[in-house]
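Trainee: As you go down the protein sequences, you meet chains A and B in turn.
My numbering applies: residue 34 is where the first sequence begins, and numbers increase by one.
My numbering applies: residue 39 is where the second sequence begins, and numbers increase by one.
Please note that the accuracy of each hint is not assured.
If you anchor each label on the Cβ, the simulated ranges turn out as follows [stated by the list, open to error]:
| # | chain 1 | residue 1 | chain 2 | residue 2 | range |
| --- | --- | --- | --- | --- | --- |
| 1 | B | Lys176 | A | Leu56 | 40 to 46 Å |
| 2 | A | Ser178 | B | Gly258 | 43 to 49 Å |
| 3 | A | His179 | B | Phe141 | 15 to 21 Å |
| 4 | B | Leu57 | A | Ser228 | 43 to 49 Å |
| 5 | B | Leu69 | A | Ser197 | 40 to 46 Å |
| 6 | A | Val227 | B | Ile53 | 42 to 48 Å |
| 7 | A | Val106 | B | Leu57 | 44 to 50 Å |
| 8 | B | Leu57 | A | Ala261 | 20 to 26 Å |
Simulated from the structure, these hints should not be mistaken for lab results.
Glycine is no exception: its CB is placed at the ideal position from the N, C-alpha and C atoms.
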Amino acid sequence: MAHRLSPASKIVAVTAFVFIVVLTPREWIVTFIGYAIVLGIVLLAVGVRPARMARSLVLEVPFVAFALLLPLVGPDPSGFAGLSIAGMWAAWNILIKASLGVLAATLLAATTLPVDMVAGLQALRLPTPLVAIFTFFIRYVDVVSHQYRRMRVAQEARGFRATSPRSWPVLATGLGALFVRSFERGERVHLALVSRGYDGRLPVPEAGMPRSWPLAAMLPVSALVILAGGWLASW
Amino acid sequence: MTTIAMHIPDGFLDIPVSLLTYVISAAILALAVVKSRRDLDDKTAPLAGLTAVFVFAAQMINFPVGAGTSGHLIGGALAAILVGPWVGMLVISVVLVVQALLFADGGLTALGANVLNMAVVATVVGWLVFRLGVRFVKGRGGAAIVAGVAGFLSVPASAMAFVIEYAIGGTAPVSLTAVAAAMGGVHLLIGIGEGVITGLVVATVLASRPDIVFGVRGTGLAKPVVRPEAVAV
């Protein structure tokens, strides 16, 4: 069902949810558990597989490493086992908020086609040139990455293997060639569009079902209810 | 030369700084939208779109450093030199939005800060260094070296922008000098890789299509390469 919500409503709902998560005081641990339960239910309900959730969490690994260092380098290392209490709170703060943020973004990414994301950004009044650049990105990302893959296959067929910085000139030359090819493709695409009457605007279909805003709003509204609960409990 | 510690996730910066960086980035991008029309007119969108795809693909390519580790290009300075600072800003911003919305890479609340650090600061610093330096060198080799210096400096500049944001609204209790030293040190190393790759890529493009390199416009380098077969009658 989430696949049929209007993309604009999903972008706003997920962004609002993440902002609510980030503004929550880190001491309200139960509140974060509430967010995680709500988000988990929605993720499973729309059919995002746990493997995909795990894969997106891998993106945060560098920051997990940073967060785990905080209890060791934080001020006043007098807490449990010589760890800094302030550092442990900071580590928890970053880990829980970053994880909820990544999972919320995964909910959006997993239920929205790239072309619908463009329509959503257009409905949200992103400037037309940015929408157009985004559209061309979506249209040509596979063409250019396949072109690069063919160049790499050709390099490897000639015995090239990238193992040390000595391979950088070869890799960078390939990148330079890729830029020239991409730019020249852009010139050809432009001429082809102009010949069909292009004036700088691209038609982007508006996707999504009517009345999707109230449904999409359920995610941030649930988060707000949980936040209010945490606020009452903190008194 | 790696996105480690570059795509800020959610929870690193507090809400006031997140909102402030959103507002600043939006204002600068609005200016870039106006200025980029002057640079490329109605060709802007297709050329910038394809350049964004190029930067996105370039970031995926692993450059082996040795001992099993590798890094990759960030591309802010490279984009500025190839297509100009305004279009470059739009290009890197679209790449960051794609990564945040379609790949969950980089926090949604930190998108303003990520755009400011990587799409604005890195491209502006890379552009200024290149345009200032390219006057004092001769030939394609000299321009490539200046491009390398621009790529190198763009990385610590971007990291320092993060340090300023952290100083105003960071959530971790690590002293500012420690963060500045760690970010500065790591990013000087990362910048070396970024600089070498940026210089090599610019050299390659200058060798075949110098006329499309925005950064050498108005210099003697911008003339198209005339291939003998192209003038044979």
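Trainee: So which of those numbered hints doesn't the model satisfy?
Mentor: 1, 2, 7
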